[in-house]
Amino acid sequence: MDQTERGTTRRTEAEPAWSAGDRQRRNAYFKEFIPAILAYAVILVLVLVLVDQESSWAWLWWQLPILPMVGVGVAFYRFLRQADEYIRTVQFQTMAVGFAAGIFASLVFGFLGIAGITTRATGWVVFGVAVAAWMVSLGWVGRR
Amino acid sequence: MDNRLRELRAANGWSQAHLADLVDVSRQTVNALEKGRYDPSLPLAFRLARIFSTTIEDLFVPSHEDLGITADETSVH
Chain A
1 MDQTERGTTR RTEAEPAWSA GDRQRRNAYF KEFIPAILAY AVILVLVLVL
51 VDQESSWAWL WWQLPILPMV GVGVAFYRFL RQADEYIRTV QFQTMAVGFA
101 AGIFASLVFG FLGIAGITTR ATGWVVFGVA VAAWMVSLGW VGRR
Chain B
1 MDNRLRELRA ANGWSQAHLA DLVDVSRQTV NALEKGRYDP SLPLAFRLAR
51 IFSTTIEDLF VPSHEDLGIT ADETSVH
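As you go down the protein sequences, you meet chains A and B in turn.
The numbers in our numbering rise by one with no breaks, and the one at position 52 of the first sequence is 52.
The numbers in our numbering rise by one with no breaks, and the one at position 45 of the second sequence is 45.
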């Protein structure tokens, strides 16, 4: 590792980005995450294409994409269980940022709703804000 | 908290990734420890001290703030 002018470090050719343990943990995570997210994508496309939106059962079919997301959740839970204390701390701190952003967004939409301004996408916006805040803070910590 | 991790790792000719595997943490964690951005738990501190055949006190150097010593006490000493 070299010291840069700003006091941060950069890896040299000799410094691998991943340790053997890192690769093992990453592969174990991807082995569970990738099939689950692919299943999610396939089911989502099938529901989009095949489900009659006027059907009285449409609400039930639209719950199907949630099933593979349980697999994503399990994969992430196992990743956290295998992660070391620093990685776990960073994940929990950045998830807290995402949670706070989600709470704030839901509060904004709550008050907009009281004012008579409602949208069908409220849930997705709150979800997007929470995930985006989580990912941005994770990226910020990773770059430090 | 300051530490001698980088110094001792370099003295052994190890990469961060190699040290990470020796103490069963990620390379990112070793990097955070070396930069002083993260203070390890006692079990991890003991593992690191063992790997370098030294003591926790030799490896980690607490600041006055870590020791709870105020600026006034520092000036007295």
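Honestly, I wouldn't trust all of these hints.
For lysine to any residue, the following SDA-like pairs were computed, each having C-alpha atoms within a straight-line distance of at most 25 Å [what the hints assert, rightly or not]:
1) A/K31 - A/G139
2) B/K35 - A/G21
3) A/K31 - B/D24
4) B/K35 - B/A49
5) B/K35 - A/S106
6) B/K35 - B/H18
7) B/K35 - A/W18
8) B/K35 - A/A83
9) B/K35 - B/D72
10) B/K35 - A/K31
11) B/K35 - B/N12
12) B/K35 - A/E85
13) B/K35 - A/M95
14) A/K31 - A/R81
15) A/K31 - A/R88
16) B/K35 - A/W134
Interface residues of chain B toward chain A, partial, derived using beta-carbon atoms under 10 Å [unchecked claim]:
17) R27
18) I69
19) T70
If you are wondering where the hints come from, they were derived from the structure by calculation, not from laboratory data.
Cβ coordinates follow ideal geometry from the N, Cα and C atoms, glycine included.
Hint by hint, here is what the structure shows:
no. : hint           : verdict
1   : A/K31 - A/G139 : holds, 23 Å
2   : B/K35 - A/G21  : holds, 21 Å
3   : A/K31 - B/D24  : holds, 21 Å
4   : B/K35 - B/A49  : holds, 17 Å
5   : B/K35 - A/S106 : violated, 37 Å
6   : B/K35 - B/H18  : holds, 17 Å
7   : B/K35 - A/W18  : holds, 18 Å
8   : B/K35 - A/A83  : holds, 20 Å
9   : B/K35 - B/D72  : violated, 28 Å
10  : B/K35 - A/K31  : violated, 32 Å
11  : B/K35 - B/N12  : holds, 18 Å
12  : B/K35 - A/E85  : holds, 16 Å
13  : B/K35 - A/M95  : holds, 23 Å
14  : A/K31 - A/R81  : holds, 15 Å
15  : A/K31 - A/R88  : holds, 20 Å
16  : B/K35 - A/W134 : holds, 23 Å
17  : R27            : holds, 5 Å
18  : I69            : violated, 26 Å
19  : T70            : violated, 27 Å
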